[in-house]
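Got chain A sorted already, so can you dock chain B onto it with the hints?
Going down the list, the protein sequences come from chains A and B.
Letter 38 of the first sequence, counting from 1, is numbered 38 in full-length UniProt numbering, and no numbers are missing.
Letter 8 of the second sequence, counting from 1, is numbered 8 in full-length UniProt numbering, and no numbers are missing.
Please keep in mind that the hints were generated in silico from the structure rather than gathered at the bench.
Take the hints with a grain of salt, since some may be wrong.
Given that identical chains are not distinguished, each listed pair holds provided it fits within a single copy or across any two copies.
Claimed, not checked - For lysine-lysine, the following DSBU-like pairs were computed, each having C-alpha atoms within a straight-line distance of at most 35 angstroms:
(1) Lys74 with Lys347
(2) Lys180 with Lys336
(3) Lys72 with Lys260
(4) Lys235 with Lys168
(5) Lys35 with Lys71
(6) Lys74 with Lys180
Given the structure is predicted, the values throughout are model-derived calculations rather than measurements.
Protein chains: 2
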Amino acid sequence: MNAGEGAHSYVRNSSYQSGVVDVAKPIIEEEIATKLDINTLQNRFCIADFGCSTGYNSFPAIEIITQAINKKYKSPENTSKTLEFYVFFNDVITNDFNTLFTSLPPHINYHAAAVPGHFHGRLLPEYSLHFAYSSWSLQWLSALPEAVADVGSPAWNKGEILYTRDRKLVCDAYLDQFEKDIGLFLESRTVEMVSGGLMVLLVPAVPDFWNPESEYTVTWDISYLLGSCLVDMAKKGRFSEAKVDSFNLPYYFPTPEQLKAILSKNQSFTIERFEIRDNPGKHTLASVNARAAFLRAVNERLVTDHFGSEIIDELFELYMEKLEASPVFLNPDNDKTIVILVVLKRKLI
Amino acid sequence: MNAGEGAHSYVRNSSYQSGVVDVAKPIIEEEIATKLDINTLQNRFCIADFGCSTGYNSFPAIEIITQAINKKYKSPENTSKTLEFYVFFNDVITNDFNTLFTSLPPHINYHAAAVPGHFHGRLLPEYSLHFAYSSWSLQWLSALPEAVADVGSPAWNKGEILYTRDRKLVCDAYLDQFEKDIGLFLESRTVEMVSGGLMVLLVPAVPDFWNPESEYTVTWDISYLLGSCLVDMAKKGRFSEAKVDSFNLPYYFPTPEQLKAILSKNQSFTIERFEIRDNPGKHTLASVNARAAFLRAVNERLVTDHFGSEIIDELFELYMEKLEASPVFLNPDNDKTIVILVVLKRKLI
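Chain A with its partners taken away, still in its complex shape:
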């Protein structure tokens, strides 16, 4: 994610992702009220957000969670109880935690800490975490599936930058990696979470079927439009075609069926809820500029690390031209990207 608070920053270009917290609010409140089931002798609650970026979309979620826990554990008979909240903001080690800290809302009711590192591995002490949250982050893979960049493999993803439905082997390689990564994420949280603790996951996803003639998803937008811009630039000689062949984006948006199958394999959590929602944030990207800024904030570092920073402005100018010429992508109602809201509960040990 782009750092800081400038024109291309994640902070100023993450409205697409931010709407999901409103969708999740009543569910988080209800699940905490009815199912959070932990030993509260110490009056201490540890909450973690896995994939917090610079915090802009994280802070409202943390507020909802702490208020719901306060409501439950500070009942009218028990108003004197002071709950202590410790919130661990996690993202990769190069994340802009300075911006996160200086953006913390005033008068927060929790102690904040940053925990850098990949959320597929262990980050927190054993049996220390009461509530885990992750929004619009689990699509990130820990690594690219090797086969897609391997010229000798039948899953070689020549001329494309992300999986597309018409290349089944590429799709399968991405799905395998996604399954492995979700497995590692849950294994790590299994050790870190206390019995009876809750986990809320908001995972961007795609429906089993959508019509590419009249509809799209975020991943299709990236494969089809952004990918073809890179191919065009290679043809113009900006860089070699092999450079495009070796570039693949490290994220995967599952279908609901795929995600459910993966989650069901884990033995340490029960699936309390699994709900599919439309993404309300899509209506914030109705202009060419807004849609380009959203994609740039998320992908800029990956693109410039591979192609160099000198190509980025041209790439997104070209992208905007193509977007303008593709009216299907400019109507937010055609965006069939969905969000899966999952609530997991750590089984009693």
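Just chain B, lined up with the frame of chain A:
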């Protein structure tokens, strides 16, 4: 502290502070071996560094601490035991934690987290901390003593930017604030530390007597040389004299006697060691440039917040001229600044 890794950064100008970890090493090792006395059923050790800045001087200390704990708890009879270390790096919320995270040594044997906020208050969960460390940080006050900036007070510090021995009321106001702050620091750690946990404090200090004709301390350098540069600039009309009158630096270097008296008042810790050491880092500041760069890395933000950033280059050029003309300050052997090494143990509850 100046952020980043540039020419004026703390990273590149903190050799003066860095020598103390070598002084502390054998003492930390011995104290952990003989006195760390905690329930290790969980095999989890939490360590915190209060006032870590960008980590440059913190990482070697953490390595010493984790190695000593490993040596003690992974005895020959018990080599299979895997210890988990969680290290909490603390500094103020505007500290450059991004640089700290990206500077972490490779292959560290601990999980790192950043905990922003003033160390005079609570930062960590109750009974969670096994080892506390703080080097060259406790001299920072939580606030300026009010009287020194109050025109109506007999402790008004007109025309000076730090206490000097010849203004007893100003000194007393600074000492009062220092005592209050150390008290708050220890109260917070009392709640956070487990019984039998250890705390190592390296506190910059000044001897009870030194001769200003032939010797100096860091605080005297700042009061006498840097302060007089600001007075000269006010006389030249760069800013008003009132601007200098209202500027006071928020740190205090105690004498050993003062620090011991303050620590002895606390009922929750026993003083296991209290040792006075020369500061080996002073020999790294033998040139005008090195000494100016050291003072600038520490004081730049405070100066520019008050006077504006446009005066900073002129100020340090003037400082270097004065330093050049004051040979006493250029011989590191004349630097009588000392370091007090304190080991405290949390009493059994």
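Each hint tested on the structure:
In this assembly of identical chains, Lys74 and Lys347 lie within 35 angstroms of each other by CA distance both inside one copy and across copies; the values are 24 angstroms within and 32 angstroms between. Proximity of Lys180 and Lys336 under a CA criterion of 35 angstroms is satisfied intra-copy only: 26 angstroms inside one chain copy versus 60 angstroms between copies. When the C-alpha separation of Lys72 and Lys260 is checked against a cutoff of 35 angstroms, the pair qualifies only within one copy, where the shortest distance is 29 angstroms, while the shortest distance between copies is 46 angstroms. Only within a single protomer do Lys235 and Lys168 lie at most 35 angstroms apart by alpha-carbon distance; the minimum there is 26 angstroms, versus 78 angstroms between protomers.
For a Cα distance limit of 35 angstroms, the shortest separation of Lys35 from Lys71 inside one copy, 13 angstroms, qualifies, whereas the shortest one across copies, 43 angstroms, does not. Proximity of Lys74 to Lys180 under the C-alpha cut-off of 35 angstroms is restricted to the inter-copy arrangement: shortest distance 33 angstroms between copies versus 40 angstroms within a copy.
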